[in-house]
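Student: The chain contents come next:
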Amino acid sequence: MYDLNFFLQQLSNGLTRGSIYALIALGYTMVYGVMKLINFAHGELFTLGAFFGYTLLVSLGLAGSLGPPMAIGISMIMVLGLVALAGHLLERVAYRPLRHSDRLAAVVSALGASIFLQNAIMLKWGAQYRAYGADLLPNVVFRIGDFNLPLVRLLVFAAAIVVMAFLHAFIHRTRLGLAIRASAIDQGAAKLMGIDVRKVIALVFVIGPALGGLAGLLVGLYYGQINYNMGQIYGLKAFTAAIIGGIGNITGAMVGGLLLGLLEALGEGYVSVAWKDALTFVVLIMILVFRPTGLLPERVAEKL
Amino acid sequence: MSQGNAKNHNGPSGGLGAGPGAAANGERGYLAGGLTGLGLLAFAFLPLLLNAFAQNSAPYWLDVINTVGLYTILALSLNVILGFAGMFHMGHAAFFAIGAYSTAILNLDYGWSIMATMPVAAVAAGVVALVLAWPIIHLRGDYLLIVTIGIVEIVRIALTNNVFGLTGGSNGLVGIARPSVFGFRIVQPQHFFYFIWAVVALTLLLFHWLENSRFGRALKFIKEDTIAAENMGVNTSRYKLMAFVVGAAWAGLAGTIFACRMRTISPESFVFSESVLLFTIVILGGKGNQKGVLLGSFLVMGLPEFFRGFEDKRLLVFGAALVVMMIFRPQGLLPSKPSRYKLPEGWDDRLPGPGSPGPPTPGQKP
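Chains A and B, in that order, are what the protein sequence lines are.
The letter at position 201 of the first sequence is residue 215 when you use the working numbering, and the numbering goes up by one with no holes.
The letter at position 321 of the second sequence is residue 771 when you use the working numbering, and the numbering goes up by one with no holes.
Source of the hints: derived by calculation from the structure; they are not laboratory data.
The model shown is predicted, which means the values in this text are computed figures rather than measured ones.
For glycine and all other residues, C-beta sits at the position ideal for the given N, C-alpha and C.
Fair warning: there could be bad hints in the mix.
Stated by the list, open to error - To give an idea of the chain B side of the interface with chain A (calculated C-beta under 7 Å), a few residues:
#1 Asp592
#2 Tyr593
#3 Ile604
#4 Val726
#5 Ile733
#6 Leu766
#7 Val773
#8 Met776
#9 Ile777
Chain A extracted, bound-state conformation (with noise of 0.2 Å):
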């Protein structure tokens, strides 16, 4: 049972899941980078996503109408837009406000956000699962050798991977990422150089959700299923994968997912599925006691 085949079968699935932690821990890393604060409302957010994702495919039927990959593509484009969207309000109402305010204050407003957005998606779309439906993507399985690869899997592993491709230029190429970077290291200091952190936070308030959400997008279209409440523990792992590639790094938070999802993978193979969460949650504490700036540390922290 344990030949290379299951090792690749295992490895890929991996891959696949940690691209997608990767994704959400995006907006982890890039919230805590600039304002400092642990956005709870964001495993919400992501299940946003999902859900819009869900009424514009299965209940609009545009994955009928278009055709699977014209309904895909543009509903990746409006979960992106919506979801932006989303955030931003969610940073004007529960977030801005608060900027000057201690910093368990930002932390119970942001469980107030996230116990408020958990309970209206279950309000909107009821309590049980969402099934994507199967027939939304071709069921086309690539053969090599005795290894096989699902198209579903294939897809969802490019899409996160081409997104996180745009956004890491972007934050390396561009004036504005610039300011995010510098935003993050100090902000203090980028301040007096002229950044407007106020429109950094905006900015990271957009980007962050939206990738969320696309993530969201993303576990329906590979798991089939989704319900109201599973942005608490994808984001719980996502956040551990933000914190294993170094908080506020975010090549970090990419790396940092696809180890995570290949622990994972790899860990639900060889040791326990039932054992699996905790796994996740055991290495978080081992790098928080022994390495508590992450596998990747951009910068000397103090943060601890």
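Since chain A is already given, all that's left is putting chain B on it; use the hints.
Tutor: Here is chain B on its own, set in the frame of chain A:
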């Protein structure tokens, strides 16, 4: 549900009234003290009053009040960690769970009586807290927050996976016995009312004393300025660890009460959102202030019961209320006041000039 049963328990209620009322008298006027006393007296007879005026719904409302009491005990124990010491701890349900499961396992598998398991539950939760918190106690703010969330998740997963074959998996443990105190079996809601609220009173007194002890003052100092405390010779890690263990042990004790009240426990009762609830009770009420925490648990656990008709929208409103509250009153409803100390006679003569601010009082905000 007979009146006779309730009457048997007027005894302990007298003890309940004496505690917090006496503590309040020193600071306030006699009128306020009297009113507080009257309120407490009325509260002590609540089961009788409910029976007299709301015969049908009395057991239901007593259950609500008992739940509020249980959460008060839990929130007060979290308050030691979060309010006194200022550590962001969002995994309190883990220690609550360890207490509840200790009681259940000792009672079901080894036939211990409930009251005998209570100290063991507290010690078990305290020891686990000590072992888990040892390596992480130095973590600051958000990092501690996320690690404690990790802990509560690991504990939940361990319970669900029937760890050591003891916890019964996701079905949990069923058929836990009722406690008996001095030979009196606690069964009915009104029995639990006196049992739980006596523990609440004990908790209030104990932690009030703790707050004003050397230990409590050290914690406050650490909360206000860890580095300054360290420089003044306060062993910050040791005090933080002690606060963590005390809070966790008391949550374990609350676990015993929960286990024997519900008679069935399962991992669902100890999830992350439970920890969040406790966290918000402490913050909403006013972290560090025990009266605030008491008020917080009435608001968070009791108030929603009046809106049962809107069952599905209660959490929606709760979430929104948290955001609004943090925007307009981030310090909580009843924030803790800076400590006051009586200065010796003629203390200002020794200072250089008139109008000097006087010696700095520890615990005072700059």
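Student: Hints first: check each against the structure and report whether it holds.
Tutor: Right, here's what the structure says about each hint:
no., hint, in the structure
1, Asp592, "5 Å, holds"
2, Tyr593, "6 Å, holds"
3, Ile604, "5 Å, holds"
4, Val726, "6 Å, holds"
5, Ile733, "5 Å, holds"
6, Leu766, "4 Å, holds"
7, Val773, "4 Å, holds"
8, Met776, "4 Å, holds"
9, Ile777, "5 Å, holds"
Violated hints for the displayed structure: none, as all numbered hints are satisfied.
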